[in-house]
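Trainee: Chains as they are written, first to last, in this note's numbering: chain A, 1 to 188; chain B, 1 to 109.
One should not assume that every hint holds.
To be verified - With a straight-line Cα cutoff of 20 Å, these simulated DMTMM-like cross-link-like pairs (lysine to aspartate or glutamate) come out:
1) K83(A) with E66(A)
2) K164(A) with D151(A)
3) K56(B) with E23(B)
4) K62(A) with E78(A)
5) K62(A) with E48(B)
6) K164(A) with E154(A)
7) K56(B) with D134(A)
8) K83(A) with E98(A)
9) K62(A) with D45(B)
10) K62(A) with E104(A)
11) K62(A) with D134(A)
12) K57(B) with D134(A)
Said to hold, decoys possible - Here are some chain A residues pointing at chain B (derived, C-beta under 8 Å):
13) Q19
14) R75
15) G90
16) S94
17) H133
18) Q136
As the list claims (entries may be wrong) - Label pairs and their in silico Cβ distance ranges:
19) E89(B) with L68(A): 19 to 29 Å
20) R31(B) with R75(A): 21 to 31 Å
21) E147(A) with R31(B): 43 to 53 Å
22) R63(A) with L5(B): 21 to 31 Å
23) I106(A) with R31(B): 32 to 42 Å
24) L68(A) with E23(B): 36 to 46 Å
Calculated directly from the structure, the hints in this document are not laboratory data.
What you are looking at is a predicted structure, and each value in this text was computed from that prediction instead of being measured.
Glycine included, C-beta positions come from ideal geometry on N, C-alpha and C.
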Amino acid sequence: MKSVGEMNQAELAAYVHDQLRQEGIDLVLSGGAAVSIYTSNRYISHDIDFVATGLAGRAQIKRAMERLGFREVGRHYEHPDAKWFVEFPGGPPSVGTEPIARIEEIHFATGTLRVISATDCVKDRLSAYYHFHDRQSLHQARLVAAERDVDLAEVRRWSEVEGKLDEFAKIEHELSRNSHAEAPPHSL
Amino acid sequence: MLEALVGSRNSERVLIFLFAREEGYATEIARFFQTDLYGVQRKLDGLEAGGIVISKKLGRTRLYTFNPRYPLLSPLRALLEKAITFYPEEEREALLLNRRRPRRRGKPQ
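I would like the entire structure built from these sequences, with the hints used as guidance.
Mentor: Quick look at the structure:
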């Protein structure tokens, strides 16, 4: 198997995911790294965000990460050879007020990665756009919708639950696959 | 009142303050409750790590608010809304009735 320093972002995420799962820690990849995977790195994220789907505590995660050679620095983990930070944001696995609906499994040579679905990934990005008016998040949602099968009817339903139907109506056309214009790779 | 539920008196103070005022910074919260700043800062850090609050820098001050993306925010607000009705009237009014509208610079108090 590749060394940590040789792994790309998805391979590293799969490696960490698999190793922690063996220790009874269930995770799902979310955030910008999920966008990177769904857009074949047209959007580049510099961290790897995992949300715990089980009842693993921070101390258990810390012990497991240290066994893999990571060191806790503030609220994230760094490995001397890895190019990406790993974070474990708190809170239940959710998009807005709803639990994550579906989880995809993607297989890599370094392990199996569980990642939020493309539809939930779009919701996750739109949540940041709706609440913080972050246009970068809207751009990421557009990139995912352009490259993956995203259930826009479900995104509409969820937007209504979030009280953001008016905002969704304004941007719905931007999420339609055939309306997407070529956009340059985007980085945080 | 919520101390047993949320783990500490300072956690309750921080949550009640942010509920009542919508936003706040550590020094302001510590001063209001006449408690130590470090304890309040530690609770704010923990709540932020847990995704319950978010913060942003305003000049030299770090301002905290509830995280609008926290999935349990609505029931949490409902709990705090009920809890604050049990606070002593003087404290409740001091929390809720602070001035929020702008005041022009230089205007006499």
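Trainee: Does each hint fit the structure? Answer for all of them.
Mentor: To see whether the hints hold, each was checked on the structure:
The hinted pair formed by K83(A) and E66(A) meets the criterion: a straight-line CA distance of about 17 Å does not exceed 20 Å. Distance check on the hinted pair: K164(A) and D151(A) sit about 17 Å apart at the alpha-carbon level, within 20 Å; holds. Pair hint K56(B) plus E23(B) holds up; C-alpha atoms about 11 Å apart against a cutoff of 20 Å. Between K62(A) and E78(A) the CA atoms are separated by roughly 12 Å; this keeps the pair inside 20 Å, and the hint holds.
For the suggested pair K62(A) and E48(B), the alpha carbons sit about 18 Å apart, so the restraint of at most 20 Å is met. Taking the CA atoms of K164(A) and E154(A), the gap is about 13 Å. The hint holds against a cut of 20 Å. Restraint check for K56(B) and D134(A): the C-alpha separation of about 14 Å stays at or below 20 Å, so the hint holds. Between K83(A) and E98(A) the CA atoms are separated by roughly 32 Å; this puts the pair beyond 20 Å, and the hint is violated.
In summary, the hint linking K62(A) to D45(B) is supported, as the alpha carbons are separated by about 18 Å, within the 20 Å threshold. Note on K62(A) and E104(A): the hinted pairing is violated, with a Cα-Cα distance of about 25 Å set against a maximum of 20 Å. Of the pairs offered as hints, the one joining K62(A) and D134(A) is violated, with about 31 Å between alpha carbons and a cut-off of 20 Å exceeded. Only pairs whose Cα atoms come within 20 Å are accepted, and K57(B) paired with D134(A) is accepted, the gap being roughly 17 Å.
Checking Q19(A) against chain B by beta carbon gives a least distance of about 23 Å; that is not within 8 Å, so the hint is violated. Given hint, R75(A) at the interface with chain B, holds; its Cβ is 6 Å from that chain's nearest Cβ, closer than 8 Å. A hinted interface residue such as G90(A) counts as satisfied when its beta carbon comes closer than 8 Å to some beta carbon of chain B; here the least separation is about 4 Å, so the hint holds. For S94(A), the suggested interface contact is upheld, since its CB lies about 4 Å from the closest CB of chain B, less than 8 Å.
Look at H133(A): its Cβ only gets to about 11 Å from chain B, farther than 8 Å, so that hint breaks. Given hint, Q136(A) at the interface with chain B, is violated; its Cβ is 16 Å from that chain's nearest Cβ, farther than 8 Å. Against the hinted window of 19 to 29 Å, the Cβ-Cβ separation of E89(B) and L68(A) comes to about 55 Å, which falls outside the hint. The hinted range of 21 to 31 Å is satisfied by R31(B) and R75(A), whose Cβ atoms lie roughly 27 Å apart.
At about 51 Å, the beta-carbon gap between E147(A) and R31(B) stays in the expected band of 43 to 53 Å. Distance hint for R63(A) and L5(B): a CB-CB separation of about 28 Å, consistent with the stated range 21 to 31 Å. For I106(A) and R31(B), the Cβ-Cβ distance of about 51 Å falls outside the hinted range of 32 to 42 Å, so the restraint is violated. Against the hinted window of 36 to 46 Å, the Cβ-Cβ separation of L68(A) and E23(B) comes to about 38 Å, which satisfies the hint.
Checked against the numbered hints listed earlier, the structure breaks hints 8, 10, 11, 13, 17, 18, 19 and 23; every other hint is satisfied.
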